[in-house]
Structure formats: structure tokens, C-alpha cells
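Each chain, written out:
There are 2 protein chains.
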Amino acid sequence: MKIVNMKVHSIAIADPPLRSSYGLHAPYALRSVLEIESEDGIVGIAETYGGDAPAQALEGLRTRVIGADAYKLTGELAHLVEGQGAGFARSQTYLVPGENPLDTATRTYAAIETACLDLIGKSVGKPICDLIGGRVRDRVPFSAYAFYKHAGGDGERNDVRADEYGEVMTPEALSREVKQMIGHYGFGSVKLKGGVLEPKLEIETIKRLRSELGPEVPLRIDPNCAWATNTSVVVGKELSEELSHGGYLEDPTSTLEGMSEVRKQLLAAGVTTPLASNVAITSFADLPQSVGLDSVQIVLCDSHYWGGMRQVQHLATLCRVFNLGLSMHSNSHLGVSLMAMAHVAAATPHLTYSCDTHYPWQSEVDEIIVGGRVPVTDGCVTIPDKPGLGVELDYDQLARGRERYSRLTYRKRDDEAEMQKHVDPTWKRILPRW
Amino acid sequence: MKIVNMKVHSIAIADPPLRSSYGLHAPYALRSVLEIESEDGIVGIAETYGGDAPAQALEGLRTRVIGADAYKLTGELAHLVEGQGAGFARSQTYLVPGENPLDTATRTYAAIETACLDLIGKSVGKPICDLIGGRVRDRVPFSAYAFYKHAGGDGERNDVRADEYGEVMTPEALSREVKQMIGHYGFGSVKLKGGVLEPKLEIETIKRLRSELGPEVPLRIDPNCAWATNTSVVVGKELSEELSHGGYLEDPTSTLEGMSEVRKQLLAAGVTTPLASNVAITSFADLPQSVGLDSVQIVLCDSHYWGGMRQVQHLATLCRVFNLGLSMHSNSHLGVSLMAMAHVAAATPHLTYSCDTHYPWQSEVDEIIVGGRVPVTDGCVTIPDKPGLGVELDYDQLARGRERYSRLTYRKRDDEAEMQKHVDPTWKRILPRW
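For the protein sequence lines, the chains are A and B, in the order given.
The first sequence: position 45 = 47 (the numbering used here), numbered continuously.
The second sequence: position 17 = 19 (the numbering used here), numbered continuously.
Bear in mind the hints are in silico, worked out from the structure with no lab data behind them.
The reader is advised that the hints may include incorrect statements.
Dumping the calculated SDA-like pairs for lysine to any residue here, alpha-carbon to alpha-carbon at most 25 Å [stated by the list, open to error]: (1) A:Lys74 to B:Arg322; (2) A:Lys388 to A:Arg139; (3) A:Lys74 to B:Asp140; (4) B:Lys414 to B:Lys430; (5) A:Lys388 to B:Ser40; (6) A:Lys388 to B:Gln267; (7) A:Lys388 to B:Asp42; (8) B:Lys4 to A:Asp140; (9) B:Lys388 to A:Gly69; (10) A:Lys388 to B:Arg66; (11) B:Lys4 to B:Ile68; (12) B:Lys74 to B:Asp42; (13) A:Lys423 to A:Glu166; (14) A:Lys388 to B:Gly69; (15) B:Lys202 to B:Val236; (16) B:Lys74 to A:Asp140; (17) B:Lys74 to A:Ile44; (18) A:Lys388 to B:Gly127; (19) A:Lys388 to B:Arg322; (20) B:Lys4 to A:Thr384; (21) B:Lys239 to B:Ala270; (22) A:Lys4 to B:Arg139; (23) A:Lys181 to A:Ile205; (24) A:Lys388 to B:Ile68; (25) A:Lys9 to A:Arg409; (26) B:Lys4 to A:Asp387; (27) A:Lys74 to B:Gly127; (28) A:Lys74 to B:His352; (29) A:Lys430 to A:Ala419; (30) B:Lys4 to A:Pro386; (31) B:Lys4 to A:Arg139; (32) B:Lys202 to B:Gln267; (33) A:Lys4 to B:Ser125; (34) A:Lys388 to B:Glu78; (35) B:Lys388 to A:Arg66.
On a predicted model such as this, the values are computed, not experimentally measured, just so you know.
Turn these sequences into a full structure, and let the hints guide you.
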């Protein structure tokens, strides 16, 4: 199955003004869409991080991709995920996902692997999950992903959708947002992006969610390292009950040493809430130290930057063996990424938590797949009975995304600059903030 | 790709009177051959451990296999490699491979996975290594596997081939055997199955090999736990120079604690020879303790009992992450197993040593694949440009193997009983022997 053509599309998609400890989401999130075409005219696709750098990294492999056999290409490029560059620990404490130069190789490989698997799946008429070991679940559960946020659709953000959630900067509003989101999608678990309000307000938010959603809905909170170890311990103790029932405390503080200290103090206080991470742990190279220090009990995988679907499966086994849980990280994305996440989740037995997804924050008008958005029902994405990823590109919509990208003045994600521009000109990301 | 038929063939193949710390190989080794057939008449095959128990375990899954989709079956049976039964540590200190009831589930799964992959590969016209991630090497290096042995072809073993190596019970004879084997197959590294003669004679054997083969050929010795820790340390020190240059000391003593003690004492003496294992470590569940104790520096994988090819790939990543080497274990086998070993090795980047193989000890007259034995040149098996495993069953030869099996009085491997029968009626496996 010789690859004869490759296209990399840089697109921009509307993104609401979501807040996190990194700052503020820009009006548009950037994505890259990869197409590879075989000599018999079948097209395999993938979606990954956007902006000029990820697109250039993909372009940089053009001569390796064109002429390659889609079945063999992942082996030929294995050095990108197995070699030196893939082996370094590379905490992204100060880097938003997709902007970490140390995972360029694994991110690039992942997109190529997904496109090859989509191409192969479409050629043999089989879903990707059944090419990589076989599905262990048909329906992949996702978590609601709640953000504190500003209202959209005003001022410079004229062309950004005035989303249905409006301003959400209080515990009350956040709780309303979550119920609204559950109403639309049926999510059975909730993640709160924290690190935005004073810890006591975020504690209040979680307590309100527990009270309003009932005792059984798993809750997780992720302040992206905004807290000092002592603050993390205080929050962990305060939310001991609320984060049980399948929840977790994600990246309360930075570094594996800091997480280990939080864990130690929480256990000493009788709080067994597991700590999750996609910041202190972003690569295989972080795992031995984490295991040694008991820093992290749940790893958040992401096939986009861990080196693809098979690497996520390897990671899952490693987590099972070392008695770690496995959840899934997400970034602003469209339906191609959502389906890739669903397929790898479907074929990964030891995925022990529902996956994160930003998908509710993107909009129908920006979706680039034929037929519109992927259905999320009862909080789950169902693996469709279609080959490959199960989705095809809508080329008009893709062109629309490219056109928007071409008009943008920025080419990478910079939540700090955005925060300075719209909220506070003096704002800096300070860790720990509290 | 619906599976409509399944056959399990129990066969017996001539095996020379090889010695190890387990005892003596019987005149025939037992193998099971699995065939699954799709509704369009394509047949996928696998070879695994033999005897009645492994065959019955495969038969026990007949109702799950018949009617299943070959792409989905491995997912449907994932509990066999991911579930509780697969999670237990299961040292086989006292059990020869294939006779350990605790790995029945993973052994059975592995055979089914290989047969499914062969079926899929044959259906889409692609070699298995390119279905499971893509080859990183086309030629898979194997090691010479030297045994002390009795002469074949006499007495009760009339129908056993009088092999070309004759009796090999001294350092001189062993060295001759190795050179003979290298002459036939071109192996670039050598493993000595030890634990048979007095340690001083085995030391002498290795020193003789080093002296006769030159300074660069990697040498490994595997006494299968025959030595006490202090003996292991003495041998490790004595062979410090000879086992360097890419060699290793395999399972000198039993248990992870014992191996850890040997490692500690060797390091204290400045001996950095890595310890390898397929006895103290036989499953994922053994790894955390081994990592914690630094018991084993090189894991010997075996897709036959680790749960198949993808589990071996998971293991390889785990080894890379925890800075362990990876080599491959072997048992008496024919060409179907050899090709399965070659395919998984080809698609496993972090395979850091040449693989073991018993293949030279089996004979052309017993080979069950069309066209006769798999070529081993310059010590390597080359991945053929053929779909699936790249081999097909010779049904006349298979029938011959079945007929031999039906005539045998034994249905499982018992090297101790064989030793008592032919060498010493009082012989018992005693650990440590020295």
C-alpha cells in the first residue's frame, strides 16, 4: 500500500475564552490535519496539535512518507518513539501541550501512525481498534470537562461563537455549566479545570458539584500545578470525600518530587485520593522516578503526544504492571481526534477512568468531518461500524478552517499573552500561585 | 473475517538427549499446532507448547473462536492476558516452560493471537511484523544454543535421529559442538545451557569458547538456577571477562531475592555482567519486584507464554523504560514457532540481544512446513516477502507428527523422569545443586 501523496492542513477553530492556570484560551485553537493517500486513491487522516511548528515537523518527514508502504512506515520511523529523543523526561510544567519541543518527535510520529492505521483500516474495511489488538469496549466513556470562563462573542472576539455557557467565574455558574453539559451529552463523570479561582472557591465548586450531582458521580479537579504542596494537601484533605467514588486530584502541584510530597502527606492524614498527572509525567522517561517516589497513581495518556496508539497501549500495560491507573488527556480538538481517542481507548483494556475531552467546547460550524459532529450519548462515543477512524474529511469545512488559520496573526498557542491582552496586562503564570 | 473452523493438532518431534538442570530431554518433544480457517477458506496457523493439557486449553476456547471475527477475537479474549489470571507472579523455578498451569491462559491466548494475525496477514497479503507496528529489522539474529548431551540413536531411542553432534559431556566436546553449529548456521553469539556439569567444568567450557571463538563473540550461560548464590558469585567473577562483550549470566540461582543477592555481590566485586532471566521472571507480575531489587537486568521474553506478540511489544517498552535489556527465550520448536519468533522480534525495536532458538536441535524430517526448514543464514532468519507468518503447513508432515504423538506413552514433558529412566534412577532435581 504505497503512499503517493501527503497533505498537511493547518486550521483554526473557534475556542471559547476558557481559563486555566496557563492563562486564557485564544479565540481560535490551532489544529493540524494530516492526509496521506495511497496509490489506489484511499486517504488516511489524522488530527494533531496545530500551528506552524507541528505542521513543519510533519512536512519535514515528507520524503520518508511519500513512497513508503503504509504497513511499514511506522516501523521505519520507530526511532522517533524509541530512540534517544523519545527517551528524555520532558515535564511540561511551563509549556502547554503541543508547544513542548521535546515531544515534537513523538507528536509527529503519532499523527503519521494514526493516518497509516486509518488508511489501512479503510483499505481492509476494518475499524482501527480492531487493527491494534481488538476492541475491549464498543462505547468509550468520556468525562464532562468544566472550565471557569469568560463570556464569548464580545469585543475583539466578535467572530467567536457566543457559546451557550456564558460567563462562568463562580461556583454557582460552574455548577450550572456542568449540568448544562451533562444535559447535552449525558456525561457520567466530571472534571473541573482548576487553578483559576482562589482555592477556597474551587473547593466550594467541587463541594457544590458533589451536592448537586449526588454522591456517586466521579469528580476530578486539575489546577495544572497552581498550588504549593501545602495548599495541595489542604485541598486534598478538604475534598477527601468529594474526590472519592472514582475521582482524583490531578497535578495539584508541579514536579514529581512535589507530587510525591503531597501524596505522602495526604496518606499520613488518611486521605487516599489518588493523584493523577499529565504534567509531571508526559513521557515514558518520567515513569521510573514516579514509581520510585509514588508521585502519581494515575497517568493521563494522550496518543497525540505519547507517540501514538500503540505507545498508549504499551503505557497501559506498564501502568497495569506497576499498579497505576490510566486516564486520558485532551486538548481542544475536532472529531478526527475524538475518534482516534475513542479507537485507542476501545482497544486498551487497562484504561481505568473515563477520558477527558474538550469536544463540547468546539462547535458544529467548525467540524471538518462529513456529516457533522461525532455523537456523544450517555457520555460515550460509540465505535461506528465503519473502517479506519470511521470518519471522512469534509473538504469545504477543511478549507474554511484553513482560511481562518491564514487570517490569524498567531501561529502557536500562548495562553499567557492572551491573558495579558484581555484580562490583566501584568498577568504572569506564577507557580505556585497559591 | 469470520472464523468457521478450528483444528488443534498434537504432534511429537524427535529431540536429542539434551541435558539441563531440569534433567534430560525425552526422545520426543511435544508441540501443538493450531489452525483457524475463515469463511473464505484462508487458514491461519500457530505452534505452541505440546501435550494434552495445552491442546485441551485451546479446545476449551472452541466456542469462543468459532464464529468470531479474526480482527476482534483478540480483544474479546483480552481478559486472558489482562485479567486476574494473567496478573499473578508465577515463577517456574520448578516447572519446565509449558508445564506451568499458571500461564495456561497467556499461552492459550498467544497461540490464538498468532493464528489470527497469520490469518489476517494472509487475507491482506502482508507479513505479520508489518501488521503489529512495522518491522524495524528484516533479519533477526539468533544465538547458537549449545547443550551438554548424550549421544542419540541408541537403545530405546532407536527411532531418534543419531544427531551429528554425538555425545557432548566435556568442555572440549561442547566447544566442538558449538563450532559445528556455527559452521552450519553462522551464529554470531553463543548460549551454553549449563547447570549440568560441575561449575568448574562449565567455567572451563566458557573459557574454552572464548579462547576458540575469539574475543568478540557474545557468550551467555544459563544453568537454570542450579547454583547457590555464592556459587553464582564465584562463577560470575571467574567469567567476568568472558561474559562481557554483549553476553550475560542467565538465571544462575533461583528467586528474585537470590538473583538480587548475586547482583549485589557481583557489583561489589566490580563485576558488571548483567543477569538475565526467564525463570525468576516469567510474567509481568514479576517485574515490579525485580525492578525494586535490581534482580534482573535482561528479561527473556517469549511470545508463546507471555501472552503473544503484542504483549511482548508491551514488555519491550517496559524494559526500555526501566533500563532493562530484552532477549528471547526458546523451547524445542519447529518452523512455525521460529517464524512467529522472527516476526515479533522484527517488530520490536527494543530487542537488545540475539534470540535463543532450539531450532538446530530439530530435524528436517520432522518439519511441518511446506518446503522444509526455515533457512538460518549468518545466524539470522530473514523475514520473507510472504503474507502472515510466511509459512504454510505441510499436511503430510503434520499427519506424521500426529501419528508419532499418538504412539507415545507420555503426554507432557518430564525431564526428571527421563533422567531417572536413562541416566540415574535416583536422580532428583535439587536446587541449588552446587
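Each hint tested on the structure:
1. A:Lys74 to B:Arg322: Holds. Lys74 (chain A) to Arg322 (chain B) sits at ~22 Å (cutoff 25 Å).
2. A:Lys388 to A:Arg139: Holds, because 16 Å separates the two Cα atoms, which is no more than 25 Å.
3. A:Lys74 to B:Asp140: Cα-Cα ~11 Å, so holds.
4. B:Lys414 to B:Lys430: holds (18 Å)
5. A:Lys388 to B:Ser40: holds (21 Å)
6. A:Lys388 to B:Gln267: violated (58 Å)
7. A:Lys388 to B:Asp42: Roughly 21 Å separates the two Cα atoms, so the pair holds.
8. B:Lys4 to A:Asp140: holds (19 Å)
9. B:Lys388 to A:Gly69: This hinted pair holds, its Cα atoms lying about 20 Å apart.
10. A:Lys388 to B:Arg66: The hint holds at about 24 Å.
11. B:Lys4 to B:Ile68: Satisfied, since the Cα-Cα distance of roughly 8 Å is no more than 25 Å.
12. B:Lys74 to B:Asp42: Since the Cα atoms of Lys74 (chain B) and Asp42 (chain B) sit roughly 17 Å apart, the hinted pair holds (cutoff 25 Å).
13. A:Lys423 to A:Glu166: holds (24 Å)
14. A:Lys388 to B:Gly69: With Cα atoms ~20 Å apart, Lys388 (chain A) and Gly69 (chain B) stay inside 25 Å; holds.
15. B:Lys202 to B:Val236: holds (10 Å)
16. B:Lys74 to A:Asp140: Cα-Cα ~11 Å, so holds.
17. B:Lys74 to A:Ile44: Given that 25 Å is the threshold and the Cα spacing comes to 23 Å, the pair holds.
18. A:Lys388 to B:Gly127: holds (21 Å)
19. A:Lys388 to B:Arg322: This hinted pair is violated, its Cα atoms lying about 35 Å apart.
20. B:Lys4 to A:Thr384: At roughly 22 Å apart (the allowed maximum being 25 Å), Thr384 (chain A) and Lys4 (chain B) satisfy the hint.
21. B:Lys239 to B:Ala270: Distance of about 11 Å is within 25 Å: holds.
22. A:Lys4 to B:Arg139: This hinted pair holds, its Cα atoms lying about 19 Å apart.
23. A:Lys181 to A:Ile205: holds (18 Å)
24. A:Lys388 to B:Ile68: holds (23 Å)
25. A:Lys9 to A:Arg409: holds (20 Å)
26. B:Lys4 to A:Asp387: holds (16 Å)
27. A:Lys74 to B:Gly127: holds (13 Å)
28. A:Lys74 to B:His352: Satisfied, since the Cα-Cα distance of roughly 17 Å is no more than 25 Å.
29. A:Lys430 to A:Ala419: holds (9 Å)
30. B:Lys4 to A:Pro386: holds (19 Å)
31. B:Lys4 to A:Arg139: The hint holds at about 19 Å.
32. B:Lys202 to B:Gln267: Holds, at about 19 Å.
33. A:Lys4 to B:Ser125: holds (18 Å)
34. A:Lys388 to B:Glu78: holds (19 Å)
35. B:Lys388 to A:Arg66: Holds - the C-alpha atoms of Arg66 (chain A) and Lys388 (chain B) are around 24 Å apart, at most 25 Å.
Violated hints for the displayed structure, listed by number in ascending order: 6, 19.
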